[in-house]
Amino acid sequence: MLKKAPKLKHTIKTRTKKNVNLRPASEAMVEMAVLLFLKSLAEEARAKAFEEKSATIRAQHVRAVAKKVLKKARG
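If you use this note's numbering, the sequence shown corresponds to residues 910 to 984, in order.
If you are wondering where the hints come from, they were derived from the structure by calculation, not from laboratory data.
Using N, Cα and C, we set each Cβ at its ideal position, and we do this for glycine too.
Some hints here could point you the wrong way.
[As the list claims (entries may be wrong)] Across the chosen pairs, the derived CB separations fall in these ranges: (1) E960 to A982: 16 to 26 Å; (2) L945 to K922: 10 to 20 Å; (3) L945 to T965: 15 to 25 Å; (4) N928 to A973: 18 to 28 Å; (5) A934 to R983: 22 to 32 Å; (6) L931 to F959: 33 to 43 Å; (7) F959 to N930: 42 to 52 Å; (8) F959 to G984: 24 to 34 Å; (9) A964 to N930: 42 to 52 Å; (10) T923 to A968: 22 to 32 Å.
[As the list claims (entries may be wrong)] Below, simulated EDC-like cross-link-like pairs (lysine to aspartate or glutamate); rule was C-alpha separation at most 20 Å, straight line: (11) K916 to E940; (12) K976 to E961; (13) K977 to E960; (14) K962 to E952; (15) K977 to E953; (16) K980 to E936; (17) K977 to E961; (18) K981 to E940; (19) K977 to E952.
Full structure from sequences and hints, please.
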């Protein structure tokens, strides 16, 4: 099993504005924040799948909890 999402660093760099320079430490912090967000999203989706008595997490479970997790992540 992979420890992190594939090509996550590349995806973060392409989605950021080009005129913003990040130092390596800041870049690592952004990557860790994204990983924590993905982990919490996966946990909530797993709980939703468990509520519906499903053995696998499907896209519908992720979509159902995405709004709640985004609100929680914003603070």
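Here's how the hints hold up against the structure:
{"no.": "1", "hint": "E960 to A982: 16 to 26 Å", "in the structure": "holds (21 Å)"}
{"no.": "2", "hint": "L945 to K922: 10 to 20 Å", "in the structure": "holds (19 Å)"}
{"no.": "3", "hint": "L945 to T965: 15 to 25 Å", "in the structure": "holds (23 Å)"}
{"no.": "4", "hint": "N928 to A973: 18 to 28 Å", "in the structure": "violated (37 Å)"}
{"no.": "5", "hint": "A934 to R983: 22 to 32 Å", "in the structure": "holds (23 Å)"}
{"no.": "6", "hint": "L931 to F959: 33 to 43 Å", "in the structure": "holds (38 Å)"}
{"no.": "7", "hint": "F959 to N930: 42 to 52 Å", "in the structure": "holds (43 Å)"}
{"no.": "8", "hint": "F959 to G984: 24 to 34 Å", "in the structure": "holds (27 Å)"}
{"no.": "9", "hint": "A964 to N930: 42 to 52 Å", "in the structure": "holds (45 Å)"}
{"no.": "10", "hint": "T923 to A968: 22 to 32 Å", "in the structure": "holds (23 Å)"}
{"no.": "11", "hint": "K916 to E940", "in the structure": "holds (11 Å)"}
{"no.": "12", "hint": "K976 to E961", "in the structure": "holds (18 Å)"}
{"no.": "13", "hint": "K977 to E960", "in the structure": "holds (16 Å)"}
{"no.": "14", "hint": "K962 to E952", "in the structure": "holds (15 Å)"}
{"no.": "15", "hint": "K977 to E953", "in the structure": "holds (9 Å)"}
{"no.": "16", "hint": "K980 to E936", "in the structure": "violated (23 Å)"}
{"no.": "17", "hint": "K977 to E961", "in the structure": "holds (17 Å)"}
{"no.": "18", "hint": "K981 to E940", "in the structure": "holds (18 Å)"}
{"no.": "19", "hint": "K977 to E952", "in the structure": "holds (12 Å)"}
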